[in-house]
Amino acid sequence: MWQIRELTADLIRSAAECHIASWQESYRGIVPDHVLDAFDIDERAAMWERRLADHPHATQVAVEDGAVIGFATASPHELHALYVRRYRHGSGVADELIGAAIGARPCSLWVFEANPRAQAFYRKHGFVPAGERKIEPFSGAMEIRMVRFNDDDKLEQ
1 MWQIRELTAD
11 LIRSAAECHI
21 ASWQESYRGI
31 VPDHVLDAFD
41 IDERAAMWER
51 RLADHPHATQ
61 VAVEDGAVIG
71 FATASPHELH
81 ALYVRRYRHG
91 SGVADELIGA
101 AIGARPCSLW
111 VFEANPRAQA
121 FYRKHGFVPA
131 GERKIEPFSG
141 AMEIRMVRFN
151 DDDKLEQ
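Using the UniProt record's numbering, you'd call the opening residue of the sequence shown number 1 and step up by one each time.
Source of the hints: derived by calculation from the structure; they are not laboratory data. Worth double-checking, as some hints may not be accurate.
[Stated by the list, open to error] No more than 16 Å apart at the CA atoms, straight line, and that leaves these computed lysine to aspartate or glutamate pairs for EDC-like:
#1 K134 <-> E113
#2 K124 <-> D95
#3 K124 <-> E96
All chains, full assembly: derive it from the sequences and hints.
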């Protein structure tokens with residue numbers, strides 16, 4: 001069974017491995033293969049070191065048998081990343097990660113337009129499409145913005 005906790009320095013390399021594997025498992029056919037195949041574990045670990053130093057409480061990780069199997073990174077009003085290894089899809093780990101990262105508060109996120117599974121997951125957690133699109137610069141893939149409001153909030157038209 002996994003445990004949810006804040007990312008710590010001892011888990012940086014494992015988080016980097018999870019990050020790369022999650023992209024490669026989930027985004028074939030969405031992100032060009034040459035982008036997915038070019039990931040470098042040392043570069044990704046260095047990115048995670050910088051992220052942890054700059055935002056020490058922003059990332060929650062799911063750890064199972066000493067390895068990161070998923071993570072969620074958030075700021076007060078945006079979910080920046082939520083990834084879970086494919087063999088844990090549908091297990092509930094993503095539900096726990098999103099809860100740990102953002103709780104029930106209103107926020108927004110960007111998700112690949114060609115990823116209906118992720119969009120359905122976010123809808124289950126109260127997110128709706130906001131009508132905005134952009135090209136994600138790293139991959140070149142199209143993303144859509146999704147938002148979640150409080151009952152008192154209204155979608156600005």
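Against the structure, the hints come out as follows:
Between K134 and E113 the alpha-carbon distance is near 10 Å, which keeps this suggested pair within the 16 Å criterion. Taken as a hint, the K124 and D95 pair is honoured in the structure, with Cα atoms around 10 Å apart against an allowance of 16 Å. At most 16 Å may separate the alpha-carbon atoms for a hinted pair to count; K124 and E96 meet this at roughly 13 Å.
Checked against the numbered hints above, the structure breaks none of them.
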